[in-house]
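Chains as they are written, first to last, in my numbering: chain A, 1 to 180; chain B, 1 to 385.
Warning: the hint list may mix true and false statements.
In silico DMTMM-like pairs for lysine to aspartate or glutamate, Cα to Cα no more than 25 Å straight-line [as the list claims (entries may be wrong)]:
id	chain 1	residue 1	chain 2	residue 2
1	A	Lys158	B	Glu93
2	B	Lys309	A	Asp139
3	B	Lys263	A	Glu162
4	A	Lys91	B	Glu93
5	B	Lys146	B	Glu300
6	A	Lys91	B	Asp239
7	B	Lys264	A	Asp145
8	A	Lys35	B	Asp81
9	A	Lys31	B	Asp81
10	A	Lys111	B	Glu315
11	A	Lys58	B	Glu93
12	A	Lys106	A	Glu175
13	A	Lys178	A	Glu56
14	A	Lys91	B	Glu132
15	B	Lys309	A	Glu162
16	A	Lys35	B	Glu93
17	A	Lys91	B	Asp280
18	A	Lys158	A	Asp139
19	B	Lys264	A	Glu175
20	A	Lys91	B	Glu315
21	A	Lys109	A	Glu48
22	B	Lys263	A	Glu56
23	B	Lys263	A	Glu48
24	A	Lys108	A	Glu56
25	A	Lys39	B	Glu82
26	B	Lys264	A	Glu162
27	B	Lys309	A	Asp145
28	A	Lys126	B	Glu82
Bear in mind the hints are in silico, worked out from the structure with no lab data behind them.
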Amino acid sequence: MKKTVFLSFFLFLFLSLSSWTKELHSDRESKYILKETRKAISATFPFETFSLEQKEQKLNTSTFLEAHSFFNIISEDALKGYAIIATAPSKTDSFEYLLLFDLNLKIKKVKVLIYRENYGGEISSKRWLSQFIESPEDDSFVYGDNISAISGATISVKSITESINEVMVSLKRLESEKQI
Amino acid sequence: MRKAKLSLIIIFSSFVLSGQNKQSYDSLQISSNQRILNNLAGLPQGITLGGYGEVLYNKPENLNAEIDIQRLVLLFGYKFDERVQFVTEIEFEHVKEVYVEQAFVNYNLTQGLNIRAGLMLVPMGIINEFHEPTIFNGVERPSLDKYIIPTTWREIGIGLSGRLNRISARYQAYLFNGFLSHNGETGLLKGSNGLRSGRQKGAESTMNHVNFAGKFDFYGIRGLRLGVSGYHGKTQAVDGQNQIPGSEIGVSMLGIDGRYTYKKFSARGQYALASLIDTDLYNELTGRDLGSKLMGYYLEAAYNVLPFKNRQRLEGFVRYENFNTHHEVGNIVLKNKAFHRKEWTFGFSYHIAPGAVYKMDYQTKSTAISNSTKGQFNMGVGIWF
């Protein structure tokens, strides 16, 4: 009798917990992404209060830019920069990363927000990502040349490098069309 | 009967409750977070396909050449939700042997921390984890990764894999099933290839001792990646046999590896040491010649002669290997000089597209016995997608 009750109790606990965690995953991820984005903006730009405003303009989607969210960073009623949350592929999954730009479209910050797969997570290294900030802005990023390789993470290194190149191409197109 | 009724009621109520949970959640679904982000809605779910393979030609001096589809591996992945993914690799070796190389569930617990369970690769050295033909030089994998580290070394286990982004490091810690040293009829481990024949590969494997495997990788200096791996535990012997002294031996292994890339230059090196305990008892029981210490290292340098902007790469390389499966022997076995091997490999890898490579090299293989040098010419094609 006791056994049955115990078993049923655990089954109950398991079912309710599993449904709870499952339903909350995407919401939790969204919250986490936005929290990390805000943290990164605060750390990168000199102002303390700001708001994010979703832009209507879209970047081109491609193999390396599966999805994206594009925001104006507004502080004291003035446009201060842009934030792009992009989704790119890893070997068998996808990951989200953040790009912050100033008004001259110079990259101020690159950060990997969510990396799900085990393989290739090395690209989250802060030190490695800082290369995208140091490189000259008119040059595209070339894996192995101005972007150093990470042994054992080749697929994801190439993916984020190409992904950022494609964001830059789209941004320059929007700029030339005077949309930003 | 009453018991059954009660448990039915409880199970039913748990369904109802979890259902309610879902309902109340649905009304929360349209939160500001959901609306503002376009990323997660488009997340790829479902099946991933991939694979790698090698078709090789080996021509040892004075012998016939062997032409072989050495391995063809098909990767299937299935993503259940944002956090849970199943990955498996089905391997065909020499066309006719089928193995499962990996089959595990990866549960992405929090940022940078995964729980993995199933049939997994033991993190030891470079090649055991990273063995796709387009990411190592040479037609054949380094021999050290065959004789000292028994690549492809995989067992069933569970463990953690995590990253520390601030210090650019990765750690892995697993509990695995160990090698089979005695199958009830004969001892499987021997002097010529050490632990290699004891791999159970997750096929009806027997287990009475848990083994630990871990690796720490540091990649905080640009272009450089350093790894330290450790393995500790005991081999397994089948029921009935495991009571007999000498059927099981202790295994400890240390691996140190480094990979460096700067522009078109790249280099890598690896050191591996395996210490085995109770080999005298084992050799006495089985009549085998297993060494008590296995040791080896290799160094490799490569240079890409084509410009960066090219889609193709042509890498010339040279590798030196020195390894000994009889580095130390116990008291009852004599050191076999033929097990101390030295190999030079010269050649090139022509990457005709990212993921497809032509390889060609020449090897000289010698042992500690004088005048034992033999040459071998190799060619191969490799793919990874």
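Hint check:
| no. | hint | verdict |
| --- | --- | --- |
| 1 | A:Lys158 <-> B:Glu93 | violated (30 Å) |
| 2 | B:Lys309 <-> A:Asp139 | holds (13 Å) |
| 3 | B:Lys263 <-> A:Glu162 | holds (18 Å) |
| 4 | A:Lys91 <-> B:Glu93 | holds (23 Å) |
| 5 | B:Lys146 <-> B:Glu300 | holds (17 Å) |
| 6 | A:Lys91 <-> B:Asp239 | violated (41 Å) |
| 7 | B:Lys264 <-> A:Asp145 | holds (8 Å) |
| 8 | A:Lys35 <-> B:Asp81 | holds (22 Å) |
| 9 | A:Lys31 <-> B:Asp81 | holds (17 Å) |
| 10 | A:Lys111 <-> B:Glu315 | violated (32 Å) |
| 11 | A:Lys58 <-> B:Glu93 | violated (47 Å) |
| 12 | A:Lys106 <-> A:Glu175 | holds (13 Å) |
| 13 | A:Lys178 <-> A:Glu56 | holds (14 Å) |
| 14 | A:Lys91 <-> B:Glu132 | holds (13 Å) |
| 15 | B:Lys309 <-> A:Glu162 | holds (13 Å) |
| 16 | A:Lys35 <-> B:Glu93 | violated (48 Å) |
| 17 | A:Lys91 <-> B:Asp280 | violated (46 Å) |
| 18 | A:Lys158 <-> A:Asp139 | holds (16 Å) |
| 19 | B:Lys264 <-> A:Glu175 | violated (35 Å) |
| 20 | A:Lys91 <-> B:Glu315 | holds (24 Å) |
| 21 | A:Lys109 <-> A:Glu48 | holds (17 Å) |
| 22 | B:Lys263 <-> A:Glu56 | violated (40 Å) |
| 23 | B:Lys263 <-> A:Glu48 | violated (40 Å) |
| 24 | A:Lys108 <-> A:Glu56 | holds (22 Å) |
| 25 | A:Lys39 <-> B:Glu82 | holds (23 Å) |
| 26 | B:Lys264 <-> A:Glu162 | holds (19 Å) |
| 27 | B:Lys309 <-> A:Asp145 | holds (9 Å) |
| 28 | A:Lys126 <-> B:Glu82 | holds (24 Å) |
The structure does not agree with the numbered hints 1, 6, 10, 11, 16, 17, 19, 22, 23 stated previously, though it agrees with the rest.
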